[in-house]
Each structure stands twice: as C-alpha cells, then as structure tokens.
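Peer 1: Generate the whole structure from the sequences, applying the supplied hints.
Just so you know, the protein sequences line up as chains V and L, in that order. Convert by adding 172 to the 1-based position in the first sequence; the result is the number in this note's numbering. Convert by adding 12 to the 1-based position in the second sequence; the result is the number in this note's numbering.
Hints should not be assumed to be uniformly reliable.
To be verified - With a straight-line cut-off of 25 Å between C-alpha atoms, the simulated DMTMM-like cross-links for lysine to aspartate or glutamate are:
# : chain 1 : residue 1 : chain 2 : residue 2
1 : V       : 361       : L       : 32
2 : V       : 492       : L       : 100
3 : V       : 355       : L       : 30
4 : V       : 479       : V       : 454
5 : V       : 361       : L       : 30
6 : V       : 547       : V       : 706
7 : V       : 373       : L       : 100
To be verified - A few chain L positions that, by computed beta-carbon distances, are all more than 12 Å from chain V:
#  : residue
8  : 23
9  : 72
10 : 99
11 : 100
12 : 117
13 : 152
14 : 157
15 : 165
16 : 177
Derived by calculation from the structure, the hints in this document are not laboratory data. Please read these numbers as outputs of a predicted model, since none were measured by experiment. Each residue gets a CB set at the ideal place from its N, CA and C atoms; glycine is no exception.
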Amino acid sequence: MSTAAQATPAQMSGAEMLIKALIDQGVEVVFGYPGGAVLPIYDALFKQNAIRHILVRHEQGAVHAAEGYARSTGKPGVVLVTSGPGATNAVTGLTDALLDSIPVICLTGQVATHLVGTDAFQECDTTGITRPCTKHNYLVKNVDDLSRVVHEAFYVATNGRPGPVVIDLPKDVQVAPGTYTGKDNVKHKTYRPQVSGDDAKIKEAVAMMAAAERPVFYTGGGIINAGPKASELLAEFVRLTGFPITNTLMGLGAYPATDKQFLGMLGMHGTWEANHAMHDCDVMINIGARFDDRITGRLAAFSPGSKKIHVDIDPSSHNKTVRCDLNIVGDACKVLEQMIAAWKQGGYKPNQKALDKWWQQIDQWRARDSLKYKKDSKIIKPQLAIERLYELTKDQDTFITTEVGQHQMWAAQFYKFNKPNRWMTSGGLGTMGYGLPAAIGVQLGHPGKLVVDIAGEASILMNIQELGTAAQFRLPVKVFILNNEYMGMVRQWQQLLHGGRYSQSYSESLPDFVKLAEAFHCKGLRCTDPADLDGVIKEMIAYDGPVVVDVAVDKAENCFPMVPSGAAHNEMILADDKPKDPTNASVTEEGMALV
Amino acid sequence: MSAPQQPIQSHILSVLVDNEPGILARVVGLFSGRGYNIESLTVAEVSDAAHLSRITVVTSGPSNVIDQIKAQLGRLVPVHNVHDLTVEGPHIARELALIKVAGTGEKRVESLRIADIFRARAVDSTTESFVFELTGNPEKITAFVELMKPLGLVDVSRTGVVAISRGPKPL
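Peer 2: Encoded structure:
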C-alpha cells in the first residue's frame, strides 16, 4: 500500500479503486469471507465506513445472501471471496443466480499475475470455472482497467436479463497504483438489450387477446425482475381484461394471491385450476416466464390448442422448448405499459360471453379444491403449519425464503404473496441450503421487517453454519423447520416412482435443533402438537433475535397436486385420489428418466 | 414441442466479437455445454484498432436448433452480431488446406497432374514428397484429398471455412 501513498493524488491502489467504484455504484453491503488473495481489499475495507461487510461462514452462503438481498431490494448483491476454494465455493451460488436471473457481482481474489498458471497456492482458473455459470466474467490484468470493469460489470449484471458477473482480481493488481475512471465515463461497447417491444407485435398481441375465448395469463420471475411497477401494471392489465392469471414459482407475488382472478401457482405442484386452464386455453399470454420443464410437463402434450404469446427480454428464451405464435422481445414493465396503451387505444373489449363461460369452467376446476389435505388433531400437518404461519404473519410486511423440497412447494401453495419481492426461493437450480443465507441477505436489505426461512430439516443442515452470521450481526431471521425426518421430496418420489424403496432419504442422526440454535446464540423452539402451533409461531415472531423453530410434522405427508414425470401437465395426482399400488405407478420407464 | 422432425442442415454463422481473453472458450463452451455441433471453426482478429475478431462457425441442426444457437450466441456479452450466411443470401465460403503426399514414380507424377487440375500449388517438395496448398469450397478440398489417398496421402491440415457475403454491403 506504500506505493499508493506515494502516488499522485489522482491515483490510488487497485483495492482503493474497487471500494470507490462500489461506493459510486451505491453499494451498501458486501457479503464476504477474507483470505490471502483479497487481503489488500480487506485492508481498504477496514479504512472506510460507507460499505458494511457481512462476514459469512461459507462462501456459498455469501452468494445466496447476496441473492436474497438482490431479490428483495431490486439492487444487485455484492460478494467478495478469496481465490481458489473461495471462488469454487461460490460456484453453486453463482449457478443459482444464473438460473434464477438474479443480479450479483462476485469479486474473487486471484494469485498475482506472474503466478497465474503455475499452480500457485490457492490458485484456480476462476474465469474458466465460472464461465458457464455466470452471465459474464472478467479477469483484470491491468489496474487502469479495474474501475471500468467494475462499472461495466454492474451494468451487465442489472441490464437485460439480470445475472451474476464475476470479476477476478489478481493480488498485484489490487496493490498497484492506477487511475480511477468514474461511473459516468464508462459505456459498454456492445451490450444494449432491447427494452421496448415491437409496436406492430404489441398490436397483434392485444388483438389476439381481445379475440380470445379462453385466455390465461402465465407470468413469471421476469415481472419481479422488471421492478415493482411491472407488478402494478400487470394487475392493471389483468383487471382490465378480466382474464385469469397464474404465476410460476419464481413469479409469486407479481400478482396478488388473494385476488379472485388468481388461479394459484401452476406446474408440477401447481393447482388443478391453473394447470387445466393452461392446458385448455385458446390464448396464452406468457410474460417473463420461460416454459420450464416443471411447468410444461410432457412437451408434446403442453397446451395443444392454444395460440401462445411470449414476452421475454432474452431472445434465446423464445422458441427454446415451446414454439410460440408471437414472440416479443422486451422488458416486462415496458411491454406491459405498451400493451395496456394498445388495448385502450384500440378500444378493445374482451369477449365477455366467452369469458363468462371460461370462468364457469374454471370455477368447476376450483371446486375440486386441489390443495385440500386431511386434517389431524394429533399430528401437525405441514400444510397446516404454513397456513398458520401465513395467518399469523399476513398483517405485517413479511419476507419468506425457503430451502428446497416439499416444504418449498407447500410454502408456495399455502403462503399467499400479495406483493413482489417478498418471496425468495431457489427455483431454477433447486439449491438446498439457499434459504437461511438468503434470509440473512433479505434482513440486511430490510431491517426491522419479519424474515422467515421456511425450511426442511435436511436442507437447513446444508448451510446451518450461517446461524453464526445471523447471531454476529444481530439479524433476527426466523428459521421455521418442517421436520419430517426425511428428505421429503426424495421420499415422495421414491414412494410414487420407485416402489417405496426409501434409499438414503431418511434423515438419520438429526441434531437437536433447539440445542443447535442455542449453541449458535440463537433461540430454539420446538413444536410437536397442533394445539401449540399458534403459540410457538407467536413466540417466534415476538423474539427479538434469530430463532430456530423445529416443527415436528407428519412424516408421510406428500405434496399434491403432482404432475408425475413424463405426464402431461393436466394429468395430476391429487391427495384424495385412490392410493395406487406404488409398484404399478402410471409412470413409464421413459418418464422416470425424464425426472 | 415435438414438432415433426425438421431436416438437419448445415449453416455458416459469422460472429463478430470483441477480441478479449476467453471469448473463444466462451463460444466453444456454449456449443459443448448445450450439445450443439461444430463442423468447423475459424477465428482471427479482423480489426486491430477496434479489437474485433470474426468467428466463422459451421454448425448443423434442424432450423429450430439453428435459431436457438444464433440466439444463444447473440446473448453473449462480447458478441456484436451474428449472421447466418446460409439463409441471408449469396455468399462465398472458402477453406485453405495443406496436403502432404509422399511417393515416387508414376504416383508422384499423377499427384502433380491432379494438383494442376485443382489449381493446387506445390509449396514444399522433396524427391519423394509434395506439400500442396489448395483453396476452395470444402467439397473441392475433400474431393482432392480423396484423390490423393491412393497416391500416398500422408497428412491433411485444413483451416475450416471462412465466409463473406457477396456484393457491396457489409454483413
């Protein structure tokens, strides 16, 4: 650092430059873990007060925390890790952010440039490893490029379809003196994503919608990524047209779940009415969703009779798996604005007679009550636990994160999200261990708000160490474990698809979660009786600090509706279907391989 | 959608990219990661001042896969543009090959005669071998190589296709 001190005032060290660039980008929080190759950056962090550093306990946790922060605030999350294992530990989080389109900037230390390629201590080919799991990545070899690269990285991460960007910083570049380039002097050479939709196509889309007899909106995470205004516009458009709407897992909260036009989530564990409406519709309006295999089921049988409109900011999402009749490239918020204007300008009215008939059909599907489950006075049903959590938290602005598995699907089905940015879950990658660090990130972005990680006992153990982070930074996150002593979704699939052979899915030798919480300076609670559920949830909410609640739920409960693998999206198994011989399941060998 | 199987066609894609470290790995990784074919690939800097490189990649697949390849290439951050010369109109595609043939007597003379017909130049010669340089479309080069096989073909080195559109307009 002595070189920096001797340098002219206009110059500064790479590490100082990095901090200045982050401040100029409005960064308030960095999630990180120090190590040899980032010591100069940690030194520069030490000497300033504008950016708060949150010390995680594992680099994967840092990335998930940044994702939670980004997803809940709309601002990019920033991660700082060291070279080698620091970078490789971040890979799962980066892939998660790529698949769910979350803007994350990950700064990785690297060995000094003269050591690159020599298998130096804690060296790995970070840009090589992260190339397929980031939207873009950079290796900064010259300190004078550093500030430009940082500003470019923020631009790339947050514009177009958002995603993670890695900046690999060799140690000698961090200490070398150089000249800082301000944010406003950096313009990306090539990257200009298309924001506005093509006007002619927008007109065609609204004309198709007005002529529709059985329309359905199918919207996803793209609405959330386009900002809160996109959700407002979506609600306006849905009410204007009177059409039914369903959301993907990533899109929950984009449209108020308590509204009567909302059909619930669609897909593998979606509602009967949402999946049937998608299958039988004549016009499908997809905004910001990507025809994921968990939505479509068997592709050949996906919504066979419908005309499909697809709005997406990423042209590669168009016709990727499902061929659409009208593809519009653009930002969800901007295109919604254009569509509403075109609808109003054209004086369009929905075909009310046909729409009434369509709603009658939907009401019949709704009457099937596909989320119904058997109540029990002795054993806590996991669905009941989520329902009670919802009832007791709905009157305050609550943020929910999840791990991955049955509890995640029950949370999506039973917790009603009325606002965007309140629901953080690992949808694309399905990363167990996402929820607790994500909750930490959410809590940092929203001090004073209630943040609950709905967890399973298996998932939570994948990043349980982050309880230490919550305790250290006094982040009062609540971990609400639905403990069925199984990797529930694995067990469910084994029951339904593999003849009930529960291979390795039993959670053997579980820790005592109450004692575990206490060991981490958190509060531990346990609930085993349905009668105590409300009291325990209230106690959890009331406690000013991190809490782990171990809720012993029905071990054998399955998550329904379920579209088995290889089946069409309207071929759902429901909870009250006659139990089939598990060895005689309707799933074919081919379906089994489809997962 | 399991639409009726579309015929598999070969396409020449011309991709203008920033000449930055890792760009080739990015493009190649995209093809291998998503299971697309690469039949040939050439890359070189085309503008020193603007640090631009042109990648010419020959790939094959049904038209929906080709569309997806173009969209995936187009969304790589350092990619300026992607042109599908096969569908965009008249174009010239050329490949250069160096072909080593060893032999003596009548076979050696015959190889030289055929080289003359193909307008291949001998760029290296010993009393028992030639290295021919040949440019042309890939079919021509393949035909020449086939003819050299019985005449003592030793090695073939081909550049892969480079291509450009006909007429005055840029890509």
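Peer 1: For each hint, tell me whether it holds in the structure or not.
Peer 2: So, going through the hints one by one against the coordinates:
1. Distance check on the hinted pair: residue 361/V and residue 32/L sit about 12 Å apart at the alpha-carbon level, within 25 Å; holds.
2. For the suggested pair residue 492/V and residue 100/L, the alpha carbons sit about 22 Å apart, so the restraint of at most 25 Å is met.
3. Proposed proximity of residue 355/V and residue 30/L is supported: the alpha carbons are some 21 Å apart, at most 25 Å.
4. Distance hint between residue 479/V and residue 454/V is fulfilled; the C-alpha atoms sit about 6 Å from each other, no more than 25 Å.
5. Restraint check for residue 361/V and residue 30/L: the C-alpha separation of about 9 Å stays at or below 25 Å, so the hint holds.
6. As the CA atoms of residue 547/V and residue 706/V are separated by approximately 16 Å, the hinted pair is consistent with the 25 Å bound.
7. The straight-line distance between the Cα atoms of residue 373/V and residue 100/L is roughly 23 Å, inside the 25 Å bound, and the hint therefore holds.
8. Separation of residue 23/L from chain V is adequate, the least Cβ-Cβ distance of about 16 Å exceeding the 12 Å criterion.
9. For residue 72/L, the shortest C-beta to C-beta distance to chain V comes to about 18 Å, beyond the 12 Å cut-off, and the non-interface label holds.
10. Every CB of chain V lies more than 12 Å from the CB of residue 99/L, the least distance being 16 Å, so the non-interface label holds.
11. With a least CB separation of 17 Å from chain V, residue 100/L remains clear of the 12 Å interface cut-off, as annotated.
12. No beta-carbon of chain V comes within 12 Å of the beta-carbon of residue 117/L; the shortest separation is about 51 Å.
13. In this structure residue 152/L is separated from chain V by more than 12 Å, as the shortest Cβ-Cβ distance comes to about 35 Å.
14. At roughly 35 Å from the closest C-beta of chain V, the C-beta of residue 157/L stays outside 12 Å, upholding its exclusion from the interface.
15. At roughly 37 Å from the closest C-beta of chain V, the C-beta of residue 165/L stays outside 12 Å, upholding its exclusion from the interface.
16. At the 12 Å boundary, the C-beta of residue 177/L stays outside the reach of chain V, the nearest C-beta of that chain being 21 Å off.
Checked against the numbered hints listed earlier, the structure breaks none of them; every hint is satisfied.
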